[in-house]
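With the hints as a guide, dock the two chains, each given alone in a separate frame, to form the complex.
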Amino acid sequence: MNDWIEIAKIDDIPRQGSRVVDLGKADGGEVNRIAVFRTVNDEVFAMKDKCPHRGGPLSEGIVHGGLVTCPLHGFKIDLATGEAVLPDKGCARTYATKVEGGQVFLRLA
Amino acid sequence: MATLNNSLVSPFSEHPQGAGRSARMKLVLVGNGMAGIRTLEELLKAAPELYDITVFGDEPHPNYNRIMLSPVLAGEQTVEQIVLNDRDWYARHGITLHTGKRVVKIDRRKRFVEADDGTRADYDRVLLATGSRPFILPVPGADLEGVIGFRDVADVDKMIDASKRYQHAVVIGGGLLGLEAANGLKARGMDVSVVHIGDWLLERQLDEPAARLLQQSLEAKGLNFLLKKQTAELVRGESGRVRAVRFKDGEEIPADLVVMAVGIRPNTDLAESAGLHCHRGLVVNDTMQTYDPRIYAVGECVSHRGIAYGLVAPLFEQAKVCANHLAEHGVARYQGSMTSTKLKVTGIDLFSAGDFMGGAGTESLVYSDAAAGTYKKLVLKGNKLVGACIYGDTLDGAWYFDLLREGTDISQQRKTILFGQSHIGDSGHGPAERVAALPDSAEICGCNGVCKGTIVAAIRDLKLFTLDEVRAHTKASASCGSCTGLVEAVLAHTVGGNYSAAPSKKPLCKCTDHSHDEIIATIRDQKLKSMRAVFDFMEWKTPDGCPTCRPALNYYLLARWPAEYQDDAQSRYINERAHGNIQKDGSFSVVPRMWGGLTNPRELRAIADVADKYQVPEVKVTGGQRIDLFGVKKTDLPAMWKDLSDAGFVSGHAYGKALRTVKTCVGSQWCRFGTQDSTGLGVKLEQMTWGSWMPHKFKLAVSGCPRNCAEATIKDFGVVCVDSGYELHVGGNGGIKVRVTDLLCRVETEAQVMEYCGAFTQLYREEAHYLERTAPWVERVGLAHIKARVVDDAAGRAELHERFKFSQQFAQIDPWKERAEGAAAHEFNPIRVSA
Ligand SMILES: Cc1cc2nc3c(=O)[nH]c(=O)nc-3n(C[C@H](O)[C@H](O)[C@H](O)COP(=O)(O)OP(=O)(O)OC[C@H]3O[C@@H](n4cnc5c(N)ncnc54)[C@H](O)[C@@H]3O)c2cc1C
Ligand code: HEM
Ligand code: SF4
Ligand code: FES
Numbered sequence: 001m002n003d004w005i006e007i008a009k010i011d012d013i014p015r016q017g018s019r020v021v022d023l024g025k026a027d028g029g030e031v032n033r034i035a036v037f038r039t040v041n042d043e044v045f046a047m048k049d050k051c052p053h054r055g056g057p058l059s060e061g062i063v064h065g066g067l068v069t070c071p072l073h074g075f076k077i078d079l080a081t082g083e084a085v086l087p088d089k090g091c092a093r094t095y096a097t098k099v100e101g102g103q104v105f106l107r108l109a
Numbered sequence: 001m002a003t004l005n006n007s008l009v010s011p012f013s014e015h016p017q018g019a020g021r022s023a024r025m026k027l028v029l030v031g032n033g034m035a036g037i038r039t040l041e042e043l044l045k046a047a048p049e050l051y052d053i054t055v056f057g058d059e060p061h062p063n064y065n066r067i068m069l070s071p072v073l074a075g076e077q078t079v080e081q082i083v084l085n086d087r088d089w090y091a092r093h094g095i096t097l098h099t100g101k102r103v104v105k106i107d108r109r110k111r112f113v114e115a116d117d118g119t120r121a122d123y124d125r126v127l128l129a130t131g132s133r134p135f136i137l138p139v140p141g142a143d144l145e146g147v148i149g150f151r152d153v154a155d156v157d158k159m160i161d162a163s164k165r166y167q168h169a170v171v172i173g174g175g176l177l178g179l180e181a182a183n184g185l186k187a188r189g190m191d192v193s194v195v196h197i198g199d200w201l202l203e204r205q206l207d208e209p210a211a212r213l214l215q216q217s218l219e220a221k222g223l224n225f226l227l228k229k230q231t232a233e234l235v236r237g238e239s240g241r242v243r244a245v246r247f248k249d250g251e252e253i254p255a256d257l258v259v260m261a262v263g264i265r266p267n268t269d270l271a272e273s274a275g276l277h278c279h280r281g282l283v284v285n286d287t288m289q290t291y292d293p294r295i296y297a298v299g300e301c302v303s304h305r306g307i308a309y310g311l312v313a314p315l316f317e318q319a320k321v322c323a324n325h326l327a328e329h330g331v332a333r334y335q336g337s338m339t340s341t342k343l344k345v346t347g348i349d350l351f352s353a354g355d356f357m358g359g360a361g362t363e364s365l366v367y368s369d370a371a372a373g374t375y376k377k378l379v380l381k382g383n384k385l386v387g388a389c390i391y392g393d394t395l396d397g398a399w400y401f402d403l404l405r406e407g408t409d410i411s412q413q414r415k416t417i418l419f420g421q422s423h424i425g426d427s428g429h430g431p432a433e434r435v436a437a438l439p440d441s442a443e444i445c446g447c448n449g450v451c452k453g454t455i456v457a458a459i460r461d462l463k464l465f466t467l468d469e470v471r472a473h474t475k476a477s478a479s480c481g482s483c484t485g486l487v488e489a490v491l492a493h494t495v496g497g498n499y500s501a502a503p504s505k506k507p508l509c510k511c512t513d514h515s516h517d518e519i520i521a522t523i524r525d526q527k528l529k530s531m532r533a534v535f536d537f538m539e540w541k542t543p544d545g546c547p548t549c550r551p552a553l554n555y556y557l558l559a560r561w562p563a564e565y566q567d568d569a570q571s572r573y574i575n576e577r578a579h580g581n582i583q584k585d586g587s588f589s590v591v592p593r594m595w596g597g598l599t600n601p602r603e604l605r606a607i608a609d610v611a612d613k614y615q616v617p618e619v620k621v622t623g624g625q626r627i628d629l630f631g632v633k634k635t636d637l638p639a640m641w642k643d644l645s646d647a648g649f650v651s652g653h654a655y656g657k658a659l660r661t662v663k664t665c666v667g668s669q670w671c672r673f674g675t676q677d678s679t680g681l682g683v684k685l686e687q688m689t690w691g692s693w694m695p696h697k698f699k700l701a702v703s704g705c706p707r708n709c710a711e712a713t714i715k716d717f718g719v720v721c722v723d724s725g726y727e728l729h730v731g732g733n734g735g736i737k738v739r740v741t742d743l744l745c746r747v748e749t750e751a752q753v754m755e756y757c758g759a760f761t762q763l764y765r766e767e768a769h770y771l772e773r774t775a776p777w778v779e780r781v782g783l784a785h786i787k788a789r790v791v792d793d794a795a796g797r798a799e800l801h802e803r804f805k806f807s808q809q810f811a812q813i814d815p816w817k818e819r820a821e822g823a824a825a826h827e828f829n830p831i832r833v834s835a
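Protein chains in written order, with the working numbering: chain L, 1 to 109; chain F, 1 to 835.
With the rest of the complex left out, here is chain F (with noise of 0.2 Å):
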């Protein structure tokens, strides 16, 4: 058998791009629904003039959201609050749409589909989203009147027409899609039965504990159900509509309406027609290519690696990708998707996600409350998170989904893991309800201000589906992402959940498909030694770049190459490139660093002098132990940098992702607990560390005795002297989550300290994300790794800490009296024209 290829086969020379419009290619979409359109809007932002589309959908409606039938069921949404596309976008992106005509030949040879009323349209490209349909159980009965699916509007309609007309409703299934339907049924006044093989609801999503608490509060609302039940036949009443259901048990239940949700077949019957491999699924390769080059397929309808998906999140995720190959761009893979699930019942939370049933090789960490309603479940193996089943209070598993997919070591939150992220910090969770319940002026973001009417606007108007897409159009939760919790659960509120698309990796950004990881690693193993090259070697998608990767690749760059990068100004934030704060009315504010928090009278007349003679409207002492001159006029900054420099100061570096400051205490000189020279150490560290550019900002403290008043365990790197020695201390912060540090290991001397200290911060330099604090870089990475690098490996520490001295001798250049003495002097002087 052939064997697909992943590169895409481009057959088109004989279409050259952008050759007028006559020129342009022919796309066929065939299969009006999510997948498919979603693929033809990444297609539009990304080549606009490719392509003449043309749209083929069964349905009679433009595409709207499949998901949402189940809120439309229930009475809580209506068919048009649903749409997603009116017909209006079809026309104003030139797209022929054929509703109501389903397709039912591919010519292949001669290039061109048929619909069934004898429509044709010329293809240079099809894409296949033909989805999937309900799996009706083959018992006598099944084709008689009142026996459906629920899968689309008109499936939507006969229900709610039954409910009108008739009493009993029987849903076989009792799955996700089962348990919506009855719950719509219900609130449509039926009398609503759901018929189940298992053992328990949701087996594919719920381990039976909690299944049983779902099913308490289903009864509650009236549900009725008969678990363990296999279906024989369905009786035939006598207008010819279905009457009842019959078990294998003999035992017989009443039935004017039968809802079947026992599972779906992907739709492959044009495919198959057509020759394509067909197999549990269209299938595809990573590219989202069938085994015929100029056919592509996305959605239900596909099978890739052998797994054909049956939720949004996945499908979005495929419709990126083939949109990259469809517009030639070439780069994209689609690696599959882990997913979870939520259910769509008002007034019930669960959620799951992984392997949450456990086995063999995994341990379980359990809370149940019956009478609270509340059970979660977690699935470990080894140290990391595996799976999770949650229900009741399911705000926090978005952030055991994470979890989850980083494969984040966990042994450090093992005691309070059960608790969720609200415990470790302040991030104003709370169960989904009370989100339900807020006012639309309740303030959801405090970093952004953005309240909840406004991203509930925003979702329902601009037809918002991820969390990335909330931010990017409220900016809530864009800045600390502390609200994000709450965020996910106003999107879960109103369109159902959060469809983010799950990938196994991150794209630094939208630039590029590559990882942090996978950009650091080619920069090092190609030696890339300038942005461009970055840019040709890793294909980026941008001419030069955007503001979230030219920060990143400047820093990896200069991290890589010390001596032979050359720093570019243009790619750092503008704190950076003017080395000082710029405050909220636009001045700058100025700190000199100070070794250790140490001064002297000299120095502070200097200091004094300076702010006096350049009228600095306040002077603070920081918390980091110096002082800062605020309300500096951005002319101002060279000269007072000069005088600065000329009585020895340099930059404190409080503006950077750099070493901030060494933060020490009394110590053995002057305090009587002091069992080391903890202010002496703290200068040598300040000394050897100064300077340096960071993944992020970078914070020291040096304690003198273990009372710990330079409150070392919440630093990036902190040193607790004891009588014996020091203690090392990494991966603390003190900002809006506090997080203590971790232990590394205890040593005998100061030199010893020095070594730790450079070859910790080295590798932090070397192997964090641009902008990965150390706290959740040690968490990401896990501690051991950490210990393994820098305790362990001693020829590996020396030479962590000989990079480190060798990248410092380029970075120690006090950038203030650079520019004092004219460098860059066009950052600070504006053009003066008199108008």
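Okay, chain L solo, but in the shape it has when bound (with noise of 0.2 Å):
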């Protein structure tokens, strides 16, 4: 389980923006998907495209400097942590990722 996934390349991730990897369904039938964000200084983070708050996709809010807002009720979520910028509170699941000669890789355990 500790192996790295490669999954693109990371100028297929928009600057301060996202994709989203697509890991078909999981045990209980829902869809695993996580979101891969990169900064506007070409950082790239990963975690469940799925906001603390109530499941909004994360993958789809505006990426500002380490955060993300979710684009349903506009909680922040620090990209690195997953937490919720306070006052907002919660917890997105991260991912561990790396970027080697361009590749992407990311890390589920």
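Don't take each hint at face value.
Output of the computed footprint for chain L on chain F, the stretches with three or more beta carbons under 8 Å from beta carbons of chain L [what the hints assert, rightly or not]: (1) 151 to 159; (2) 821 to 831.
Computed list of lysine-lysine pairs in PhoX-like fashion (alpha-carbon distance at most 25 Å, straight line) [said to hold, decoys possible]: (3) F:K463 - F:K506; (4) F:K506 - L:K76; (5) F:K633 - L:K50; (6) F:K506 - F:K634; (7) L:K76 - F:K634; (8) F:K817 - F:K787; (9) F:K787 - F:K381; (10) F:K463 - L:K76; (11) F:K45 - L:K89.
Hints are computed from structural coordinates only; laboratory data are not their basis.
We treat Cβ as the ideally placed atom computed from N, Cα and C, and that holds for glycine.
Structure follows, in structure tokens:
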């Protein structure tokens, strides 16, 4: 489970934007989607594509600084930690990423 | 005399930032009160690592909410409840706190301050926030025991103590503070008389009729009033305590306790002894800097442009500006504030702001119902509101205050304005008492489902003071805003008021201090053509903006430089990025354009085929006379658009801040009432305007006669055909607050309709603030302005129309076709991985 999965080239992800990685159906039958973000400084972060507030699709939010703002009710989520920025509270699950030779890798464990 | 320098003088270059803990600068705050601590809070947000901070306060308490001393006196709250920053807060932020120590000296040469017990602290910068103290009338006996001011916890303790042992209290001064003291002492069981030199109470806040109503209600609560009375002497009793108050006319009343509430004086002793220039307060410039560039000052001790403020809202604004400079951001300026007042006596509601007395050159609108105990006076100058004075039902106070500050043209609302905002729209207003009486479970904000209990708890627990803070923490009033009045009432009920700073201008967002108008003008005048250029030139405080400013800037740049600016998809909301409306289950809806609501069998067949092919779960005719396909999967969008595009459809932009639809009626072609070809004209208008990006959504309609079946008078731009030509109507809205259009003018030909429409649309595109619909825009700038630009100035109109047509060259590219051909494919295709 500690394997790095190669998912895309960094330029496949728009700067200040995101892509969704679709992992098919998880055990519970719920579709498992991970949002992979690229910041203005080309850092890459990954987290579950589900807002801790009411499950909004974080991948469709606006990325600014090290944050993404959920499109539904505007929670701001810290891309590095998954934590909602105060005063909001909640945490989205994050995943490790790395970029090597322009290639983005994701680790699910 | 030296002139004050507005820009930050930075003599601190020998302290490089971030060079380790030991190199931190030292900041000393003198005055552990509301303005000083607020400045520290703002500073810690902006530059948490810049200073080692030491705080001196001569009261034994950590910072508390001075405003709430009145409810504490009245027994409605306790001192513990009103502490704003407990000692733990200071510890958490590494702040050295000295309570009970009075700073008596500032050595500006050696740079240290010294307290009365000898404690010293070195500084690089000092912040003086020493507040003010009660003014004690210089009459004989003023120094007797039992004679006090009303300023701090110690005063409240003395009053509570006196109320247990004595009977007669006299409050000198019938202003806000005096009345709150009197009310509290009464609640503590004393017999209270209020002595006032003026003709009526609160003459700085109320006119005479309103003050009389107030006096009646207070008398009903058991208070006694002596107006037009001048105090001559406080009489000494046998024990050495005050025994009575004697007036100039010889009358004498018994008094075991005298509270002086006749005004405050800025506390400038320390500043003066340090040789800082003071004149009715410690003089500061627009950056809150005193004549010594190392010494800043905020709060009631300060005199800014000749004004010393005595209310919290402006002080909090000063705090923000001062923190910006202490943090060495160096961009903010304090330009003075407009203030409004409320009295915190339970059961009594009054509100006043601006020039409420009126006078030469003004007119007054007055509504008075003495039996119901309500009174309202609005003072107008020209077509603007300049003052308001309300007694009784004050829920509309905030709305009037907004109209006042923004200088809104109210000529259109003259007939209804006295009845308040609730009269104009469905805003769920009711009297303040009703809010107080609501159960905690009552829903206040319908959009975000926030109930009263949640808001009250947040205000109490998180020490919120302003509407914006309540919005940020609870999401109440953060969406449509129609519950704003209620939320403010809850705030007022819980902490005594909405202490929103009232700047004369509002910044676009927290990333900048500039207003929308300044940004629009700078983009134009400085020829800024990219977002980066705006960030750099206008000194944005964040590296790449936020979800508020980025979409706004993207729009402003696009509207100003249609040929040159490269649209930034990442600065658009998801609906505009994906060119569809995201629905609550994450699916999208697709609305193809139907010109003027016209269609034909071939088009209908194509839509039906598409609906079958992609298994669209629901098909509906919209209110905008076209067909909506609901429940489309994001991944299907490009293929579906391709099919629609092949059949000749373009996007209906049903998802964007853009031209939506042109609604038309049957018109002269078929209808027996029709005067002109309304359908045909609608088609032409839609062909001219489609694809245009706007500050907000924009809807048109054309009706063939005044029966107005297309509802043109609640549209952003509506045409009503008449025998002699066309009536053009603007600024209507059918949303939460219905607003009927204003008549712009009448024209004779279709060509004129097209030109006026293009010109009006372009004026809105160039001047409105992002996310401002035409209705509030027309109300803000005034119909007269729009008429001057679009109707009276023929050359200007032609230019506006030309600019609109020019920008349309670049806008009328169907986004669906582009995407069907492969543009922005990443937006629609997930990366598939099987785990
Ligand atoms: C009873 C009451 C009701 C009020 N109600 C309202 C209201 O409804 N709405 C409103 O907007 N405003 C209200 N105000 C006014 C509001 O409280 C003040 O405007 C505000 O507190 C001023 O803040 P400040 O920091 O300038 O001064 P303060 O809060 O007074 O803080 C100054 C502090 O500095 C200390 N200090 C002074 N000199 C020294 C020194 N040399 N060394 C050490 N410490 C020193 C003082 O002891 C004090 O603690 C009310 C005030 C009172 C007293
Ligand atoms: C004095 C009042 C009115 C008269 C005499 C009137 C008359 C008509 C007539 C004759 C038609 C049918 C034209 C045709 O199909 O041949 C029509 C259509 C229509 N009217 Fe009115 N009307 C009136 C008021 C209104 C109002 C107030 C509204 C809406 C607010 C309205 C909405 C419509 C609509 C939507 C249609 C189109 C129906 C359709 O084609 O589906 N009408 N009207
Ligand atoms: S607005 Fe007049 S012309 Fe148009 S459908 Fe209604 S009645 Fe006929
Ligand atoms: S679901 Fe993300 S903010 Fe509500």
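- Task: State whether the coverage of the stretch 821 to 831 of chain F by chain L holds or is violated, taking the criterion as 3 or more residues with Cβ-Cβ distances under 8 Å.
- Result: holds (count 3)
- Could you grab the alpha-carbon distance between K45 of chain F and K89 of chain L and see if it respects the 25 Å cut-off? At roughly 19 Å apart (the allowed maximum being 25 Å), K89 of chain L and K45 of chain F satisfy the hint.
- Message: What's the verdict on K817 of chain F and K787 of chain F, does the C-alpha distance respect the 25 Å limit or exceed it?
- Response: violated, 38 Å
- Is the straight-line distance between the alpha-carbon of K633 of chain F and that of K50 of chain L 25 Å or less? Answer holds: K633 of chain F to K50 of chain L is near 18 Å, not above 25 Å.
- Query: Given the hinted pair K463 of chain F and K76 of chain L, is their alpha-carbon gap at most 25 Å?
  - Reply: It holds: about 22 Å lies between the C-alpha atoms, which stays within 25 Å.
- Taken at face value, is the distance from the CA of K634 of chain F to the CA of K506 of chain F at most 25 Å? violated, 38 Å
- Query: Is the Cα-Cα distance between K787 of chain F and K381 of chain F 25 Å or less?
  - Reply: Since the Cα atoms of K787 of chain F and K381 of chain F sit roughly 21 Å apart, the hinted pair holds (cutoff 25 Å).
- Message: Holds or violated: K76 of chain L and K634 of chain F, Cα atoms, limit 25 Å.
- Response: holds, 24 Å
- Message: Would the hint linking K463 of chain F and K506 of chain F be met if the CA-CA limit is 25 Å?
- Response: Holds - the C-alpha atoms of K506 of chain F and K463 of chain F are around 23 Å apart, at most 25 Å.
- Query: Keeping to a limit of 25 Å between CA atoms, is the pair of K506 of chain F and K76 of chain L held or broken?
  - Reply: holds, 23 Å
- Message: Just to make sure I understand the rule, a stretch counts as covered if three or more of its residues have a C-beta closer than 8 Å to a C-beta of the chain. Does the stretch 151 to 159 of chain F meet that for chain L?
- Response: Coverage by chain L is violated for the stretch 151 to 159 of chain F (0 residues, Cβ < 8 Å).
This entry does not satisfy hints 1, 6, 8, going by the numbered hints stated previously.
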